Amino acid sequence: MKPSHPAAHILFLVLLFSLFALPAGILVLVGLAPGWRFPDLWPEQFSFAGIEFLITHREQIVSSLVSSFLYSLATVFVTLCMCLTPAAAFARQRFPGKRLLEALVLTPALVPPMTFAMGLHMVFIKLSLADTAAGVVLILALFSYPYMFRALVAGFQTMGEGYRVCARNLGAGNIAIFRQVELPLLVPAMIAGGSVVFLVAFSEYFLVFLMGGGNVPSFTGFLMPLLASSNRSLAAVLTLIFLLLPILLFFMLDWGLMRSYRKKGMI
Amino acid sequence: MSWTSNRTAILILKLSPLMLPFVVLFCGGVFLTVCQSLGLFTPLPHTGGLVDAYTVILSDPSFFASAGFSFGVALASAAGSVTAATFLAYRVWQLPKMMAGAALVYKIPLILPHIAVAFVVLVFWSQSGILASLAHALGLIQSMQEFPNVLFSGWGVGMILAYTLKGTPFAMLLILALLVRFDVRQIQTAAMLGASRSRIFFSIVMPRLAPALHTSFIILFLYSFGAFDIPYILSESRPGMLSLHVFDLYFKHDLARRPEAMAILTLMFGFAVLFIIAYSKTVTRLENGVRKL
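Residue numbers (the working numbering), protein chains in the order written: chain A, 1 to 267; chain B, 1 to 293.
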């Protein structure tokens with residue numbers, strides 16, 4: 001019952017590309033042609049002004065990129081620590097109020113983050129957490145941990161109890177089971193949850209602005225004034241960096257994971 | 001210590017890494033927002049009554065205009081994303097294996113931050129944008145001014161476009177996760193029994209996708225309702241999104257108006273919670289009336 005005609009599939013792919021890939025392609029053109037104006041359908045002139053800007057401002061760009069990258073990675077780590085044992089409990093144990101509790105812990109990802117972040121802002125100022133990277137990581141983790149939690153619960157459920165029981169029969173203790181059996185099996189779930197958390201943290205503007213207060217450099221913070229400026233070429237070039245960095249990261253992760261699995265003979 | 005209480009203690013210990021931040025930071029944060037909306041713990045000592053901020057807000061017609069506007073933008077973009085994502089994901093799933101890899105391009109807007117997606121909408125839809133140039137090249141318009149003023153129409157079309165572009169791949173991701181586990185034989189059987197394509201889609205595929213559709217709708221709706229990033233770039237003057245209103249009150253006015261910002265946030269929080277509860281209740285009730293396969 002699938003539409004069998006290949007032309008239909010190709011037409012659909014064209015639609016998909018024009019919806020989701022064309023914007024990125026246009027950004028490349030905008031980045032290379034600062035003088036591209038209405039009504040030209042194709043830029044009259046290309047220039048490397050955007051790239052030159054990158055080179056002259058490289059220190060600022062690199063430092064904001066590195067900062068964004070590090071606090072996003074820290075956020076992933078914090079959410080992982082927050083969710084690992086609770087996810088195991090939620091996936092394996094029954095206890096009263098479990099469904100309600102599960103619904104409750106997922107709410108921070110649903111309600112507008114402003115509603116709790118602005119209330120916390122004052123306390124963070126009093127605790128000198130505002131304007132620090134720690135404050136930024138905390139607020140980002142608070143907003144994004146449900147994605148990690150969901151992924152880990154699913155991971156524990158797919159793993160099942162079999163490996164654990166088997167390892168216990170062979171005489172492994174709790175810590176050995178966790179470190180040598182469960183943790184490696186959970187890596188795909190951690191990566192799935194971690195990627196979402198990383199992207200959420202990496203692309204967030206407002207929470208970083210609120211809690212970082214300009215002291216914590218961020219790539220979104222660097223990008224924002226340029227997006228609103230009239231120089232679209234610069235904004236386009238920087239947006240493309242935004243696109244490339246996570247893609248590169250995910251490819252590397254995927255490749256590294258495959259290699260380590262092969263080494264261990266898991267695939 | 002008895003065996004059961006020991007078990008409970010271990011369970012509590014296991015849950016605490018999540019529950020402590022949840023209670024202290026999340027619940028605490030919401031609690032402080034509510035307190036400040038009542039004039040308690042504000043940076044400036046609050047002299048008026050407890051509900052002064054609410055009285056000010058609720059007597060301001062522009063608040064209701066903003067709330068209605070935010071609701072509309074959120075509803076349109078979430079409904080648009082979920083509808084588009086359902087059809088696109090279904091078609092992606094039907095692609096032959098060798099073409100399926102190319103379909104991964106749908107993930108591009110997932111990686112782009114919201115502010116960048118807003119920028120893409122700006123580049124495409126402004127009166128001097130790509131689409132205007134295209135319309136000119138096709139002879140549809142003679143000058144920039146003839147291109148419809150999509151971004152500043154007063155209807156939030158720019159924001160809806162940006163949220164839909166960002167939200168569609170997200171919903172597709174959730175829907176495709178369900179589709180990969182979907183049994184093709186159900187569709188083949190239906191086709192053999194003479195069901196039309198649309199009937200197969202609406203009676204067999206859709207009910208299976210329902211959980212992903214509901215989840216993505218709730219997430220996208222509430223996000224667009226309360227987020228700040230996209231409106232900051234694509235907002236029109238009036239009526240504005242609630243989040244921008246809060247931002248202005250919090251950062252641009254003097255501290256005396258802090259309770260008003262917090263009161264709006266409290267109302268937004270209440271609305272979000274009520275929406276989640278009402279939506280899940282409705283879904284459960286509707287699904288109880290549907291026969292499962």
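Everything labelled a hint here was simulated from the structure, so no lab data went into it. It cannot be assumed that every hint is accurate.
[Unchecked claim] Part of the chain B face toward chain A, derived, beta carbon under 10 Å:
1. PRO21
2. LEU50
3. TYR54
4. GLY72
5. LEU75
6. GLY80
7. PHE202
8. ILE219
9. ILE233
10. ILE276
[Claimed, not checked] For lysine-lysine, the following DSSO-like pairs were computed, each having C-alpha atoms within a straight-line distance of at most 27 Å:
11. LYS98/A / LYS281/B
12. LYS107/B / LYS97/B
13. LYS126/A / LYS14/B
14. LYS14/B / LYS98/A
On a predicted model such as this, the values are computed, not experimentally measured, just so you know. Note that the Cβ used here is the ideal one computed from N, Cα and C, for glycine as well.
Against the structure, the hints:
{"no.": "1", "hint": "PRO21", "result": "holds (6 Å)"}
{"no.": "2", "hint": "LEU50", "result": "violated (17 Å)"}
{"no.": "3", "hint": "TYR54", "result": "violated (15 Å)"}
{"no.": "4", "hint": "GLY72", "result": "violated (16 Å)"}
{"no.": "5", "hint": "LEU75", "result": "violated (15 Å)"}
{"no.": "6", "hint": "GLY80", "result": "violated (13 Å)"}
{"no.": "7", "hint": "PHE202", "result": "violated (14 Å)"}
{"no.": "8", "hint": "ILE219", "result": "holds (6 Å)"}
{"no.": "9", "hint": "ILE233", "result": "holds (6 Å)"}
{"no.": "10", "hint": "ILE276", "result": "holds (6 Å)"}
{"no.": "11", "hint": "LYS98/A / LYS281/B", "result": "holds (18 Å)"}
{"no.": "12", "hint": "LYS107/B / LYS97/B", "result": "holds (18 Å)"}
{"no.": "13", "hint": "LYS126/A / LYS14/B", "result": "violated (30 Å)"}
{"no.": "14", "hint": "LYS14/B / LYS98/A", "result": "holds (14 Å)"}
Checked against the numbered hints given earlier, this structure breaks hints 2, 3, 4, 5, 6, 7 and 13; the rest are met.
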